[in-house]
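Enquirer: Chain order of the listed sequences is D and L. Residue 176 in our numbering sits at position 176 of the first sequence, with consecutive numbering throughout. Going from the second sequence to our numbering is simple: count from 1 and add 392.
Note that these hints are calculated values from the structure, not bench results. Do not take every clue at face value.
Listed next, the stretches of chain D that the computed footprint assigns to chain L, with coverage defined by at least 3 CB atoms under 8 Å from CB atoms of chain L [to be verified]:
#1 41 to 54
#2 155 to 164
#3 282 to 288
#4 291 to 300
#5 303 to 310
Note that CB positions come from ideal geometry on N, CA and C, so glycine has one too.
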Amino acid sequence: MPNRHSPDVVIIGAGVVGAACAYYAARAGLSVTVVDRGPVAGGTTGAGEGNLLVSDKEAGPELDLALLSTRLWRELATELPPETEYEPKGGLVVAPDETTLKALRTFAEGQRAAGVDAREIAPDDLPALEPHLAAGFAGGFHYPQDAQVQPAQAAARLLHASGAATRLGEEVTALLTGPDGTVRGVRTTRGEIAARAVVNAAGTWGGRIAELAGVRLPVLPRRGFVLVTEPLPRLVRHKVYAADYIADVASDSAALQSSAVVEGTPGGPVLIGATRERVGFDRSLSTEALRRLAGQAAALFPVLGEVRALRTYHGFRPYLPDHLPAVGPDPRAPGLFHACGHEGAGIGLAPATGLLLADVLTGARPALDLAPFRPERFGDGTTSHAANGAGA
Amino acid sequence: MAPSSDPRPARTAAPAPGDGTGAVASAADLAVVGAGPAGLAAAVTAADLGLRVTLLDAGDRPGGQYYRHPAPELGAERPEALHHGWAAFASRARRLRDHERAGRIRHLAGHHVWTVVRKDEDAAGEWHLHALAGPEEQAVTVRARAVLLATGAYERQLPFPGWTLPGVVGAGGAQAMLKAGLVLPGRRVVVAGSGPLLLAVAGSLAAAGAAVPAVVEAASYTGYAGRLPALLRNPAKLAEGAVYGGALVRHGIRLLTRHAVVEAHGTDRVEAATVARLDRDWRPVPGTARRIPCDALAVGHGLVPQLELATGLGCATRTTADGTAALVLDEQQRTSVTGIWSAGETGGIGGAQLALAEGELAARSIAGRPLPAELVRRRSRLRAFADAMGAAHRPGTGWTGWLSDDTDVCRCEEVPAGLIREAVADLGATDARTVKLLTRAGMGWCQGRMCGQAVAALAGCAPGPDRRPLSCPVPLKVLAELPADGGTAP
Ligand SMILES: Cc1cc2nc3c(=O)[nH]c(=O)nc-3n(C[C@H](O)[C@H](O)[C@H](O)COP(=O)(O)OP(=O)(O)OC[C@H]3O[C@@H](n4cnc5c(N)ncnc54)[C@H](O)[C@@H]3O)c2cc1C
Ligand SMILES: Cc1cc2nc3c(=O)[nH]c(=O)nc-3n(C[C@H](O)[C@H](O)[C@H](O)COP(=O)(O)OP(=O)(O)OC[C@H]3O[C@@H](n4cnc5c(N)ncnc54)[C@H](O)[C@@H]3O)c2cc1C
Chain D
1 MPNRHSPDVV IIGAGVVGAA CAYYAARAGL SVTVVDRGPV AGGTTGAGEG
51 NLLVSDKEAG PELDLALLST RLWRELATEL PPETEYEPKG GLVVAPDETT
101 LKALRTFAEG QRAAGVDARE IAPDDLPALE PHLAAGFAGG FHYPQDAQVQ
151 PAQAAARLLH ASGAATRLGE EVTALLTGPD GTVRGVRTTR GEIAARAVVN
201 AAGTWGGRIA ELAGVRLPVL PRRGFVLVTE PLPRLVRHKV YAADYIADVA
251 SDSAALQSSA VVEGTPGGPV LIGATRERVG FDRSLSTEAL RRLAGQAAAL
301 FPVLGEVRAL RTYHGFRPYL PDHLPAVGPD PRAPGLFHAC GHEGAGIGLA
351 PATGLLLADV LTGARPALDL APFRPERFGD GTTSHAANGA GA
Chain L
393 MAPSSDPRPA RTAAPAPGDG TGAVASAADL AVVGAGPAGL AAAVTAADLG
443 LRVTLLDAGD RPGGQYYRHP APELGAERPE ALHHGWAAFA SRARRLRDHE
493 RAGRIRHLAG HHVWTVVRKD EDAAGEWHLH ALAGPEEQAV TVRARAVLLA
543 TGAYERQLPF PGWTLPGVVG AGGAQAMLKA GLVLPGRRVV VAGSGPLLLA
593 VAGSLAAAGA AVPAVVEAAS YTGYAGRLPA LLRNPAKLAE GAVYGGALVR
643 HGIRLLTRHA VVEAHGTDRV EAATVARLDR DWRPVPGTAR RIPCDALAVG
693 HGLVPQLELA TGLGCATRTT ADGTAALVLD EQQRTSVTGI WSAGETGGIG
743 GAQLALAEGE LAARSIAGRP LPAELVRRRS RLRAFADAMG AAHRPGTGWT
793 GWLSDDTDVC RCEEVPAGLI REAVADLGAT DARTVKLLTR AGMGWCQGRM
843 CGQAVAALAG CAPGPDRRPL SCPVPLKVLA ELPADGGTAP
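Please put together the full structure from these sequences, using the hints given.
Expert: See the structure below:
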């Protein structure tokens, strides 16, 4: 039973999403404890890139979430220390040919209606934005709202700023329930923590937490590789990628797909990422993934062909069948709230997720309609695709 | 939006895979990575037993870290003067040349293997070893039905204030310089750290004409007392110890046990070292510091198995007596991954004699031959001895006490100890990986080979096994021109 030492909320997961939930819940006046079986950012957050993108998202609920996050990240940049490495550098999407350019135009049209700033760039003007870009592109779009953070720093600094109690190296093994079946805390490998509410921010492992409550949430892993080059002088100024990337995000194919996003980092290395494939939690190196990343990066920036990759890493994005996260209360398990399943956009979407969840926890009216993110939308049986039509 | 076009392929100048050293040759029976004592012994034994072997090594000549050669232009008369057991090497090097001539061994010197991957399409189980050849970094792929990883070890470095000054070198590095180039790191060299290698290094330096004011050893050799049985079963080791001990006495070298260099001084170059007494946990004892003038400092804390190719394949690891991670191997020298064997330092630091024995045993296992009982006994005797030494020289937890907050722990990225301590205390970094993500320690050129052990100690966790999916930097054009899955060149 909760006592006066019990926090209002226990958050499972010290990734960027859990950290953002802690930050906004604490700001809303709740007392918060964050539990993670590993260190801060030890899950997918420490294995991703820090792209905060609106450019790759089709008009729809995910884009709305991304736009809200864009605003929040800008605020956070002034509140968090500079180590977070927030950089509103903008994105540049290039089209290899006229057909792709036309498709990109239509795509951008829809985005503009939703509030995205998308500016078409004529082929002759591309070098002014990216001097080292290969010649021959049909054109492109500049997205000034695209930005970047260092993900592990973002999670660590958000968590630190929240003032939440953190319990690291402690795994949640069961959920505590009251006499009426409501969720009332967690049992961990080191004891019990009672609380009025439990937040599932366990990322790719969120489905297991749902199981502990006896409900279904089909979060699955989607592997991605990233290549990191040796430190370089500033060669790449924006987040640059070829237009077929946008198609990849919405793809339902299990096969390997890739379309490299190329970007410089403040430390000097260029990041090239990421591939997308569904192979479970397979940790073995895929030379095919590296081949594609390197080839695409060099196709965008020929100078990179001569550069060395110092390392590569991979992670497992948490994805749900309709490519939208689960955010909000679970009516099947009162007391349990979900904030997981952000796939390849969790760094970007974390602040909006945290803010919305804090609203729900305090009974305030959420800034966005949460219906598309309802955790129960997949039902309890076979996979059912949500009817909202969103994809990216 | 439908994927409407593929990005154009990169325009690069590298030769297509298949050029050069036979990327398209048929699969070897065995590929051996590393031509040190272990790999060399394995390759010649396997070829003796009729296997077709490809032997790859990043170095230009066989011998690994132990059997180093002076560059031919130096005209050294007797390289063997600096080695125990040169004959063991010379005979195997001869067999290697014979097998090469007979076409049973393909020796690819100057080939750095950056990853080993399994090709699943092949039902028989085939491995692809991707390597960079020579200074031009040509892409080479070797195919083999079995793989032996004999990638050896590198030196364990524990930083201290001033360790980045010119004139501060690795103890093994100093030994290697001496063997390969017959050059001394300085005229007055303090040798410090921990482990039996220090005695060998001091002896070699003194024999080559350097003054060695002291050997500063953090452990106490009485730590061996409890392990005497292991020592007694290893007469060769005892003799070796006597040789080293004798050399120290002959050259008037002082051995300071339970001491460490806690700071190096100098502006352009090291000029002196501060040495202090240590308590049982390697914490410097206040009030015991004193200065020793020197113009070079050779420091090493034993060796760390080089495991990235193995961990990349998913081979299981264990923590050994000396506190480093090594591969789990069965009595046949098999790793936990079917088709992958290992021998030498990768299975736990044990020295050149053990490496030779293990290499031979691994080759016999791969060829499906029984293991000679005498060789098996020899291996367990040497292993037991290595474990005893490892336990005695395992760094105590207190050594981080000599790191000031402004000491750079990661030299590549210039990350000071204070930043790491902050990440651990305030930001929830409870392991080396998270420290790296939050501070960049270990993200530079050496990929944490230099600072990994120190970062783990500061994070308060046991150092994990090497994890570097790319064993060395790889040009993007090499990656871009890998054969596409399915085996056809792009
Ligand atoms: C290669 C790659 C590139 C990416 N690039 C980007 C990008 O550019 N931009 C972007 O926005 N997103 C990107 N992503 C996606 C992003 O990394 C994820 O969406 C995001 O990190 C998810 O954060 P999270 O907090 O939900 O999950 P995680 O960071 O995985 O956190 C979940 C935590 O829960 C803990 N946990 C799980 N189960 C338990 C338990 N039972 N008890 C205790 N703790 C538990 C885990 O230890 C973990 O720390 C990328 C992902 C990958 C793999
Ligand atoms: C710097 C140093 C100095 C030493 N000095 C002494 C000494 O003075 N006295 C003493 O008794 N012992 C010394 N040792 C220890 C001794 O060298 C070892 O015990 C012995 O060499 C172990 O043999 P091995 O075959 O396991 O590994 P090694 O001799 O280390 O051989 C490993 C080989 O693998 C190669 N290799 C590694 N990775 C790759 C890759 N990815 N691709 C291609 N090739 C690769 C390396 O180039 C190397 O040739 C020293 C060790 C080091 C590191």
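Enquirer: The structure should be examined with respect to each hint, and the outcome stated for every one.
Expert: Each hint, compared with the structure:
Counting residues of the region 41 to 54 of chain D whose beta-carbon sits less than 8 Å from any beta-carbon of chain L gives 3, enough to reach three: the coverage restraint holds. Counting residues of the region 155 to 164 of chain D whose beta-carbon sits less than 8 Å from any beta-carbon of chain L gives 4, enough to reach three: the coverage restraint holds. Restraint check on the region 282 to 288 of chain D versus chain L: 5 residues with Cβ-Cβ distances below 8 Å, three needed, restraint holds. Proximity of the region 291 to 300 of chain D to chain L, defined as three or more residues with a beta carbon under 8 Å from a beta carbon of that chain, is established by the 9 residues found.
Taking a C-beta to C-beta cut-off of 8 Å, the region 303 to 310 of chain D contributes 7 residues in contact with chain L, enough for the three needed, and the coverage statement holds.
Of the hints listed earlier, there is not a single one the structure fails to meet.
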